[in-house]
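Using the sequences provided together with the hints, build the complete structure.
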Amino acid sequence: MLKTNFTKITVGKAVIIKEKETQKYQKKNRDYIREEKKFFDVLKKVKKEIDIKIKDESKSKEEKDLLKSSQFILCDENLVEEVVLKIKEGKSLYISVEEVFDKYISAFSDLEDEYFSERANDLYDLKKYLLEKINYKKEKIKTNEEFIAIANNLGISFFDKVELSKLRGIIVERGTYNSHLCILARSYNIPILIKKDALNIIKDGEYIGIDEENKEILLNLSLEDFLKVKEVKAKTQKKLKKEVFTKDNKRVNILANIEDIKILDFKYIEEIEGIGLFRSEYLLKEKILSEDEQFKIYAKLVEVFKNKELTIRTFDIGGDKIFSCLNVDEEECDFLGLRGIRLGLNKLKDLYKTQLKALFRASVYGKIRILFPFVSIFEEIEELKCLIKEIRLELNDAFEEKNIKLGIMIETPTALILADKLAKEVDFFSIGTNDLLQYISATKRTNSSVSYLYSDYNLGFLRSLIYLKEILKNIDIEISVCGDIVLNKHIFFFLMSLGIKKYSVSPYQISKIQGYVEDYSEDKYKEIVEKVRTFSKEEEVKTYLTSIC
Amino acid sequence: MKSEKVKIINSNGLHLRPAGTLCREALKFESKIEIVFNNIRANAKSVLSVLGACIKQGDEVLVEVKGKDEDEALISIIELLKKENLE
Numbered sequence: 006m007l008k009t010n011f012t013k014i015t016v017g018k019a020v021i022i023k024e025k026e027t028q029k030y031q032k033k034n035r036d037y038i039r040e041e042k043k044f045f046d047v048l049k050k051v052k053k054e055i056d057i058k059i060k061d062e063s064k065s066k067e068e069k070d071l072l073k074s075s076q077f078i079l080c081d082e083n084l085v086e087e088v089v090l091k092i093k094e095g096k097s098l099y100i101s102v103e104e105v106f107d108k109y110i111s112a113f114s115d116l117e118d119e120y121f122s123e124r125a126n127d128l129y130d131l132k133k134y135l136l137e138k139i140n141y142k143k144e145k146i147k148t149n150e151e152f153i154a155i156a157n158n159l160g161i162s163f164f165d166k167v168e169l170s171k172l173r174g175i176i177v178e179r180g181t182y183n184s185h186l187c188i189l190a191r192s193y194n195i196p197i198l199i200k201k202d203a204l205n206i207i208k209d210g211e212y213i214g215i216d217e218e219n220k221e222i223l224l225n226l227s228l229e230d231f232l233k234v235k236e237v238k239a240k241t242q243k244k245l246k247k248e249v250f251t252k253d254n255k256r257v258n259i260l261a262n263i264e265d266i267k268i269l270d271f272k273y274i275e276e277i278e279g280i281g282l283f284r285s286e287y288l289l290k291e292k293i294l295s296e297d298e299q300f301k302i303y304a305k306l307v308e309v310f311k312n313k314e315l316t317i318r319t320f321d322i323g324g325d326k327i328f329s330c331l332n333v334d335e336e337e338c339d340f341l342g343l344r345g346i347r348l349g350l351n352k353l354k355d356l357y358k359t360q361l362k363a364l365f366r367a368s369v370y371g372k373i374r375i376l377f378p379f380v381s382i383f384e385e386i387e388e389l390k391c392l393i394k395e396i397r398l399e400l401n402d403a404f405e406e407k408n409i410k411l412g413i414m415i416e417t418p419t420a421l422i423l424a425d426k427l428a429k430e431v432d433f434f435s436i437g438t439n440d441l442l443q444y445i446s447a448t449k450r451t452n453s454s455v456s457y458l459y460s461d462y463n464l465g466f467l468r469s470l471i472y473l474k475e476i477l478k479n480i481d482i483e484i485s486v487c488g489d490i491v492l493n494k495h496i497f498f499f500l501m502s503l504g505i506k507k508y509s510v511s512p513y514q515i516s517k518i519q520g521y522v523e524d525y526s527e528d529k530y531k532e533i534v535e536k537v538r539t540f541s542k543e544e545e546v547k548t549y550l551t552s553i554c
Numbered sequence: 060m061k062s063e064k065v066k067i068i069n070s071n072g073l074h075l076r077p078a079g080t081l082c083r084e085a086l087k088f089e090s091k092i093e094i095v096f097n098n099i100r101a102n103a104k105s106v107l108s109v110l111g112a113c114i115k116q117g118d119e120v121l122v123e124v125k126g127k128d129e130d131e132a133l134i135s136i137i138e139l140l141k142k143e144n145l146e
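Residue numbers (the working numbering), protein chains in the order written: chain G, 6 to 554; chain Z, 60 to 146.
In short, the hints are calculated from the structure, not lab data.
Hints are not guaranteed to be accurate.
[To be verified] With a straight-line cut-off of 20 Å between C-alpha atoms, the simulated SDA-like cross-links for lysine to any residue are:
#, chain 1, residue 1, chain 2, residue 2
1, Z, 87, G, 79
2, G, 52, Z, 141
3, G, 73, Z, 131
4, Z, 87, G, 80
Below, the structure is given as structure tokens:
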């Protein structure tokens with residue numbers, strides 16, 4: 006009988022992931038010029054992929070720092086030269102990269118400072134990433150029941166090869182809890198354990214458990230224990246709820262933010278209330294999609310979320326989201342330059358028109374809400390409506406007017422200040438707290454020296470939201486919030502007391518926010534707004550909010 | 060060949076992030092750039108070699124530059140290393 010707390014255990018069938026025998030041996034008379042070229046091609050590809058990941062809004066700061074370090078290492082002159090030398094000696098690309106990396110990994114592991122052993126780990130992760138790119142095999146790992154993956158170590162591409170809904174846990178023999186693999190596992194809420202000799206202890210196919218708190222592996226589980234854990238888990242698991250209400254029975258909608266159609270594989274897709282934000286610019290990561298290619302994607306989403314809600318934001322390019330295939334000048338399109346709608350109505354008008362046509366066509370399959378980014382003046386909405394008029398004519402009748410709703414993001418200071426005027430022109434607002442905080446506090450969120458100003462509790466920012474509510478006093482327009490700030494319970498309660506009843510977060514965070522909603526009571530917290538209005542300093546807000554929630 | 064001594068002010072010395080910034084700057088120049096410290100010659104264009112030299116705040120290093128653009132390179136690298144918030 007298990008003695009430990011059932012709720013902290015994960016169980017599943019052990020599936021041993023073996024490192025495939027890779028072609029490490031070079032053939033005689035290997036063409037080293039070709040191997041050298043392949044090396045530089047792989048380097049270029051990996052740098053590009055990492056670049057895209059760094060620009061991905063949904064990634065944690067932890068992961069981004071790791072990725073930035075990887076970029077530096079990939080530019081390392083010595084490392085690159087050493088690999089090329091080995092290739093010239095006749096070794097295969099795979100083995101050249103492996104040997105050079107292993108040399109540095111072992112040199113760093115030998116240094117006493119813990120800082121260096123962590124860097125050794127970063128090198129190991131990067132080595133795995135590169136080697137997998139060199140020997141790319143796109144095989145999916147097939148499983149038909151819930152399983153726990155066991156391996157000596159795993160690369161981050163592991164998550165692309167498995168069915169996430171069936172992966173209950175991971176046990177690896179090496180690495181540290183700060184490795185890229187662990188960071189990713191945590192972001193997917195998958196328990197991960199590092200246990201030396203795990204492969205010697207666990208048999209393939211055995212039913213085992215992971216006690217994450219005590220960092221123990223539970224072997225030889227009896228069927229009774231196994232079923233008991235699953236039963237307890239099922240009851241206490243924070244499943245996604247289809248609807249969620251506050252303590253005083255007020256309904257609040259929590260929707261999902263997405264960047265691609267991977268959401269269709271999400272375990273709880275049935276329970277999701279809808280898509281609050283589809284960041285469509287990520288569709289252009291690799292290349293520019295044609296109208297038809299885009300239409301297929303939008304139509305699919307419209308269909309899947311037919312009886313729910315679907316909001317697609319038009320391409321928000323610029324700032325730190327500039328993809329190479331778009332041919333735009335980074336400086337011209339920086340944070341305060343041509344971005345979002347400014348770019349769409351200006352240099353990228355054709356691309357924008359194509360997207361709008363594809364979105365309108367998709368409306369034939371069901372309801373669709375189109376959201377425009379970075380609006381800052383009234384004239385932009387007028388221009389947009391002109392563009393839409395053109396599109397209506399060009400599409401003839403190939404769209405369903407009554408299925409389409411138009412909205413704008415409130416993320417620039419002027420949009421907030423002009424909210425009452427803008428509200429008359431559109432169907433809904435979506436407050437982009439990430440960017441709004443940035444522009445209102447006059448800080449660049451990627452600049453670490455001013456990160457103390459880019460704070461959730463920035464008083465000017467919080468007050469600006471109170472002003473927004475006042476500006477819209479006699480106007481009835483739907484407002485939602487999409488942005489990381491929602492994860493901060495204090496600020497979430499503040500937003501709730503402002504009367505906002507719709508939020509959109511990463512799918513993996515929905516159940517957390519649903520928990521927040523259930524802890525909130527309008528009656529109990531209604532004075533938050535008035536109280537916050539009286540403060541001058543961040544410290545005061547923090548203390549107050551911490552004391553009440 | 061040109062060289063100049065400089066004291067590292069950055070609070071974290073030349074750990075990975077500042078080493079990376081140094082490397083990125085050094086790669087802009089054609090000349091060979093080395094950071095000499097404690098009998099170690101680290102290649103400024105290699106993050107890992109600079110990192111391995113374990114240079115900390117307060118350490119004095121010698122920057123040696125040799126090549127066509129050695130004048131601009133030396134000025135640029137010295138200026139970079141004099142920064143307090145090198146990240």
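Evaluation of the provided hints:
no. : hint          : result
1   : Z:87 to G:79  : holds (16 Å)
2   : G:52 to Z:141 : violated (29 Å)
3   : G:73 to Z:131 : violated (27 Å)
4   : Z:87 to G:80  : holds (12 Å)
Of the hints listed earlier, those the structure fails to meet are numbers 2 and 3, in rising order.
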